[in-house]
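> As a plain string of letters, each chain reads:
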Amino acid sequence: MGLGAHDTNYRGGDGLGHTAALGGILIERSGITQLGAEGLMLMGAVTSCIVFIQTGSLTLALLAVLAVSAVLGLVHGVLCVTLRANQVVSGLAMTLFGTGLSAYLGKPVSGQPLPGAVPKLDLPSLQGIPVIGPLFGHLDLFTYLSFALVLALHLFIHRTSWGLSLRAVGDNPATADVMGIPVLGLRYACIVIGTMMIGLAGADLLLVYTPAWNEGMTAGRGWIAVALIIFARWNPVRALVCAYFFGALDTLGLRIQLTGIEIPSYFLKMIPYLVTVAVLMFLGWRSRGKPSGAPEALGLPYIREQRF
Amino acid sequence: MNERHTAPSLQLEQGRGARRSRFRRPYRIEIDPAGGQGPWWVPVVSIVLALAVCGIFIAWNGMNPLTVYAKMVKGAFGTSFGFTETLVKAIPLMLCGLGVSIAYRISVWNIGAEGQFIAGAMAATAVTVYYPELPMVLSIPFMLLASLAAGGLWGLLTAIPRTYFGVNELITSLMLNYVALLALNYVVFGPWKDPKGFNFPGTPMFTEAQSLPVLGATRLHMGLVFALAGVLLYWLVIRYTRWGYELRLIGANAEAARNAGIPISRHILAVMLVSGALAGLAGMSEVAGVTHRLMYGISPGYGYTAVIVAWLAKLNPAGLVISSVLFGGLIVGGYSVQTIGLPSSVSSMLQGAILFFFIAGAMAGKFRLRRSR
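Line by line, the protein sequences are chains A and B.
Numbering-wise, the first sequence is residues 1 to 308 according to my numbering.
Numbering-wise, the second sequence is residues 1 to 373 according to my numbering.
Derived from the structure by calculation, the hints contain no laboratory data.
Watch out, some of these pointers could steer you wrong.
To be verified - Here are some of the chain A residues that sit facing chain B, going by a computed Cβ distance under 7 Å:
{"no.": "1", "residue": "Ala-85"}
{"no.": "2", "residue": "Leu-92"}
{"no.": "3", "residue": "Leu-96"}
{"no.": "4", "residue": "Phe-97"}
{"no.": "5", "residue": "Thr-99"}
{"no.": "6", "residue": "Leu-101"}
{"no.": "7", "residue": "Pro-113"}
{"no.": "8", "residue": "Trp-223"}
{"no.": "9", "residue": "Tyr-266"}
{"no.": "10", "residue": "Met-270"}
{"no.": "11", "residue": "Tyr-273"}
{"no.": "12", "residue": "Val-275"}
{"no.": "13", "residue": "Thr-276"}
{"no.": "14", "residue": "Ala-278"}
{"no.": "15", "residue": "Met-281"}
{"no.": "16", "residue": "Trp-285"}
Stated by the list, open to error - Cβ-to-Cβ under 10 Å is the rule here; a few derived chain A residues that face chain B:
{"no.": "17", "residue": "Ala-93"}
{"no.": "18", "residue": "Thr-95"}
{"no.": "19", "residue": "Lys-107"}
{"no.": "20", "residue": "Pro-108"}
{"no.": "21", "residue": "Pro-119"}
{"no.": "22", "residue": "Ala-219"}
{"no.": "23", "residue": "Phe-282"}
The C-beta atom is built at its ideal place from N, Cα and C for all residues, glycine as well.
Looking at chain A on its own, in the form it has when it is part of the complex (with noise of 0.2 Å):
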């Protein structure tokens, strides 16, 4: 099979990878941009290295990256919801000091090796069927979660009555309040909630696919989740194809590699940075005049009566 999921190794858009563009979408749908996820991925990703080799529990390591990613949420909470502060510049922030703390607190354990692995899920009843068993009968517990994950998602999202009052909050926060919904309570939730995935697909990136951590390793996948929110229109089933389509890219530049055509592998790797920009271009292009799915409050802090 030429592109197997296992095969797709490309980490932004694999295992829990997506699931920083579902944490994102979550937080967004409430209204909050969220551009930290570069420093909250590698965040998640240090704790979790910090605390699996100290303990060498893998659910402690999973708690942790919760914890500490609970108490970087509430910040962006608290500058974004509370203070109505820049939400473009905090997130920004959150990025710049989640990369300068994940840098100073992994530097003792930089480099060292995972004391376990995550557990396989071997599903032989899967892997007799044709294509699916190759590609779905052995993924790790990770990536069967965030299958979990884009679903439930999704199911909050369109079909509950929580979900309908998050795209209230996202589209009309003024609206919302006058209905009687907490916007600035379900604003926190998304936020906290989703910094937690976020976080993870850090976690899973470093347990799963890195034998160890190594400074700056999220090397932008942090920001291509926030390009996959966009491209997948805010939506978490969309978000999960696109993100299969940028591990497809990104194997395929290690396939045009192995044929041994003369490319050096720098212009390889800019195929999906150029084709970010360029599908981002095509869609632009594509919907000028629609709606671009974004909710439509996204960004503008709510002040319940008050005007700036």
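Place chain B on chain A using the hints.
Below, chain B without anything else, positioned relative to chain A:
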């Protein structure tokens, strides 16, 4: 005026509060619409708080934060060598910070200064690679022009998708940073690599004729003149020209500016061209003034740090000079703590933390406490 504006909301708030909880809050916090940017001491307090928070992490590693900070300050400002090094680092920050400030004036989120810096550095180096024999009077102006053009073009590559295709400029400028970085790595590991360089990923050293003059025995070079001239020009343009006036108008209220017939798309293109050109100039001044060659990792993230420099300066020219010297010092201080076994990432951690507290503080300055009746 504020009294009248907020009175109805005050009643509504109390009505809800009375139903919801048994406690009456004696004070409430609200935003003063005319609060402006908050008082001058906000940046100072945010820096102190950021130092305190990062101090916790430093102490966690078993170091005394005060010793570490003292070491940083001494390394960056304590000696004449340290201070000129700080100024050397401040040059690219000032130029990139100027670039992003111009874009932020009209809410164009250029975070591509890093890529534009690299593009400028590469273009300047291309002049030395392909025309190695030019005399100084020709080579330096050519390098300048090449870097301005390359940086400006890299900026336009962000502006065009934004204006004509509605693509978020944050994403484009960021993706282009990675593209520029990969292109840089390609040339320094590939075609431009110094054949006599023992496999060092960099071009051959520039000749005297390809280097900017330096001040005495220090590494402080003429780029400082470019940077200060740029700051002065920025101030004059924003303050006294029609273009600057239109930029301020768009910055204050884009909708009103559009209705007044100001062509916003054209301004976005122009602003990104200028913004990129300034970052490109920073790249040229770095290769021609400091490293004297194009090499792997030419920028330790100047383009990203410039974003904070610009915010801390509140996009104000004098503030830009102060904050770029401060952050230059932070980078040099970061290097100096390596001697006591701390990673230099202390400085990027501090940068992020300062930005957090600064934006929080800038908003908190707009709030005020009111006694509710």
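> Holds or violated: is there a CB of chain B closer than 10 Å to the CB of Thr-95 of chain A?
holds, 8 Å
> Holds or violated: is there a CB of chain B closer than 10 Å to the CB of Ala-93 of chain A?
Check passed: Cβ of Ala-93 of chain A comes within 4 Å of chain B, closer than 10 Å.
> Using Cβ atoms only, decide whether Pro-119 of chain A comes closer than 10 Å to chain B, and label the hint accordingly.
violated, 32 Å
> So, Leu-92 of chain A near chain B? Judge it on the closest CB pair being under 7 Å.
Where the cut-off is 7 Å and the nearest Cβ of chain B is about 6 Å from Leu-92 of chain A, the hint holds.
> Against chain B, with CB atoms and a cut of 7 Å, does the hint on Val-275 of chain A hold up?
For Val-275 of chain A, the interface hint is violated, since the closest Cβ of chain B sits about 9 Å away, which is over 7 Å.
> Quick one, is the Ala-85 of chain A hint okay against chain B at 7 Å, beta carbons?
holds, 4 Å
> Can Phe-97 of chain A be said to touch chain B, with a Cβ gap under 7 Å?
holds, 3 Å
> If you take the shortest Cβ to Cβ gap from Tyr-266 of chain A to chain B, is it below 7 Å?
Where the cut-off is 7 Å and the nearest Cβ of chain B is about 4 Å from Tyr-266 of chain A, the hint holds.
> With chain B as the partner, please determine if Thr-99 of chain A meets the hint condition of a C-beta pair closer than 7 Å.
Holds. Min distance 6 Å.
> Identify whether the interface hint at Trp-285 of chain A stands, where standing means a beta carbon of chain B within less than 7 Å of its own.
Where the cut-off is 7 Å and the nearest Cβ of chain B is about 5 Å from Trp-285 of chain A, the hint holds.
> Have a go at the Pro-113 of chain A hint: is there a Cβ in chain B nearer than 7 Å to its own Cβ?
With a closest approach of 20 Å, the Pro-113 of chain A hint is violated.
> Does Thr-276 of chain A pass the interface check with chain B, least Cβ-Cβ distance below 7 Å?
holds, 5 Å
Of the hints listed earlier, those the structure fails to meet are numbers 7, 12, 14, 21, in rising order.
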